[in-house]
Amino acid sequence: MTLTARAPTTTVPDVDLRSSVAPDDEVPPMSWSAPASAEARSVTLAQALNRALRDALDADDRVVIYGEDVGRLGGVFRITDGLQERFGEERCFDSPLAESAIVGSAVGMALYGLVPVVEMQFDAFSYPAFEQIVSHVAKMRSRARGRAGLPITIRIPYGGHVGAPEHHSESPEAYYAHTAGLRVVTPATPGDAYSLLRESIASPDPVIFLEPKRQYYATEELALPVRTEPIGCAAVRRRGTTATVIAYGPSVSLALQAADAAAARGHSLEVIDLRSLNPLDMDTPVASVQRTGRCVVVHEASTFGGFGGEVAAQIQERAFYLLEAPVARVGAFDVPYPPSRFEEHYLPTVGRVLDAVERTLAT
Amino acid sequence: MHPPPARGSSLLDPAPLPPDPAALLPSSEPLCLLDPHGARHAVDGFECALDDGGLRRLYETMVLARRVDAQAWHLSRQGLLGAFPTARGQEATEVGSVLALGADDWLFPTYRDTMAVVARGIDPIEVLRANQGAASYDYDFRAQRVSTMAIPLATQAIHAAGLALAAKLHHDPIVALAFLGDGASSEGDAHEAMNLAATFGAPCVFLLVNNQYAISVPVTRQTHAPTLAHRAIGYGMPGVRVDGNDGLAVHAATARAVERARDGGGPTLIEAVTYRMEAHTTSDDPSRYRTDTEVDAWRDRDPLTRLELHLRSVGILDDGACAEASDAAEAAAARVRDWAGTSPVTDPLTMFDHAYADPPSRVRAQRAQLADELRLMEASA
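As they're listed, the protein sequences go chains A and B. Residues in the first sequence are numbered from 1 upward in steps of one, following my numbering. Residues in the second sequence are numbered from 364 upward in steps of one, following my numbering.
In short, the hints are calculated from the structure, not lab data. One thing to keep in mind: the hints can contain errors.
[Unchecked claim] If we take Cβ atoms under 10 Å as the criterion, some of the chain A residues that face chain B in the derived model are:
#  : residue
1  : Ile102
2  : Gly104
3  : Val107
4  : Leu111
5  : Pro116
6  : Ser135
7  : Lys139
8  : Tyr216
9  : Ala218
10 : Thr219
11 : Ala223
12 : Val236
[To be verified] Chain B regions said to be covered by chain A (calculated; three or more residues, Cβ under 8 Å):
#  : segment
13 : 508 to 520
14 : 539 to 552
15 : 576 to 588
16 : 669 to 675
Here the structure is a predicted model, which is why all the values come from computation and not from measurement. Positions of the beta carbon are idealized from the N, C-alpha and C atoms, including for glycine.
Extracted from the complex, chain A is given alone in its bound form (with noise of 0.2 Å):
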């Protein structure tokens, strides 16, 4: 996977948000630098989150993990293996089978003053702690007048692609990113994977971090840590000319080998990885949009009501006369999660990438 850096385009106009009553003074910002010296190597995207966790733990004793089997067993992903044995079961350890109680106990952590990270073990598991995350989670910081931000960290593997049982396939993003007062981060790549998790957990606004499971043992080569852009900017992942594919998390690798197949058949798709999905930079797409004039978003999530439906809104709010075509979507079918055999027919594929090309292309 290529990676292109570019500079963050966000502005941010000189308003300060912060009233007079309390300081925001809950977490100090971790610091951390790509090594002089280190030597790149073949790095999974699993190891670089298992990484981050680490370096998370050495950096702040005020950091805590824990879930539903990330102790002992080092999650059933393995993203929090070692880390038990290294750093004592009070810093890593297993919680009862209760994702309310694993979210609802952050915010009490958080309240003494930790830096809780947690654990859900799949997407669909994240359900019963929807209440902890939109009534406290999200709100906590303004009901108590900035007087108690949430630095919590929720870790949720998602997606599909993975050929699993029922409720362990799901992409519940829009949920989280249409809760006001949290953070929605996806990476797709392994650099991301590492640079965003320990920005999400030095950061003072709470962070939803959806972990794209069928890219766990994506490679890139890496010399960790690193330091990528941060939260709030998005990536382009591949320039081109045709059209613009915008992906976030999972459907990144979609997108790029739909570029590839689309680079047969004569077409240059650009395509823009999101990275978050609150903040949004949509500066990065438009500016996409606006050299190619086509555009097609892509996720695994359902498509109606999806995340797809905002960026295309906004796509045409800041673009539309200069847009050739209407902005296509690409998302699931608008049922439930199928049977596993089914999922290949279920979730976007390269050919219905390619052909929402076309269609903006047939305008």
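For this one, chain A is given, so just place chain B on it according to the hints.
What follows is chain B alone, placed relative to chain A:
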């Protein structure tokens, strides 16, 4: 019994269970140290540790709590406050428990616990701001160690368990006291909170205020358990049932649970048996679901009457002391009235102040939009 932990002991381990788990069961009758006629009883293991000054403070705080609650009720009826959930009749539970906390302990109240928050020493005006609809809670709850009042039922009990666990992991000898109601006890979060706290021996006290009704639904439609305190044994913690209209008993039971938690003994579930004398809120009509006869029977068990009778009989209170308590409560009520009667000075822009520590650019733009609208409204006014 469970097998021992596979590895060496850790701070996450709870204290051992008693040899006979039946020791965790509540007593057959609620703990009562002061009967409805003000007569004091002795119960082994539950001595009330309050000295004369402490008893007088318990009385004064209950008088203040009742007066503030009544004032808020009236202001709500006048339209100066929003819907107000009263706790009239529950003063002994609300105040007796909170006075058993140490200065560094934490309180996790529900929306019905204005009295408890006031008992913690917080200005009633700061507690009532949320009812006013013009601001959220405006006390420094980290300094005061009182969390925001939770409306989503039983959710705050998990916060209390989490905070208590964090304290335990850091060898910090503090205790978290979580209020929850009989209706909330049916919520999944009540179960998850108690299970989490007990499993890790978190220094947490769950005060289950059984005021007999969840809006209109009686406790018999919440549970088939013999009592709500019987649930404790299922989690491996003691269940204590206490006469919630007896301030001495509530204080003694809470103090014992707090001490147990502080000493590493883990959580306790206390069921305080009391009665919500008024409607659920100012928007409710209780005549649709309960009889005057039932309410009158509880009127005879009034928590303030019995405490005053007792304290007068032992010479801690006299007419002068009662008048002092009443005057102080009236002064507090007058301050609340003056505050509520003046138009709240609020800036709608404050809705943006703390939504995020680091707001997304669109939220900054939305704030600027509202600021423009407000300027235009002001200019055209």
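Status of each hint after checking the structure:
| no. | hint | in the structure |
| --- | --- | --- |
| 1 | Ile102 | 9 Å, holds |
| 2 | Gly104 | 3 Å, holds |
| 3 | Val107 | 5 Å, holds |
| 4 | Leu111 | 5 Å, holds |
| 5 | Pro116 | 8 Å, holds |
| 6 | Ser135 | 5 Å, holds |
| 7 | Lys139 | 9 Å, holds |
| 8 | Tyr216 | 27 Å, violated |
| 9 | Ala218 | 28 Å, violated |
| 10 | Thr219 | 32 Å, violated |
| 11 | Ala223 | 28 Å, violated |
| 12 | Val236 | 19 Å, violated |
| 13 | 508 to 520 | holds (count 5) |
| 14 | 539 to 552 | holds (count 3) |
| 15 | 576 to 588 | violated (count 0) |
| 16 | 669 to 675 | violated (count 0) |
When each numbered hint is compared with the structure, violations occur for hints 8, 9, 10, 11, 12, 15 and 16.
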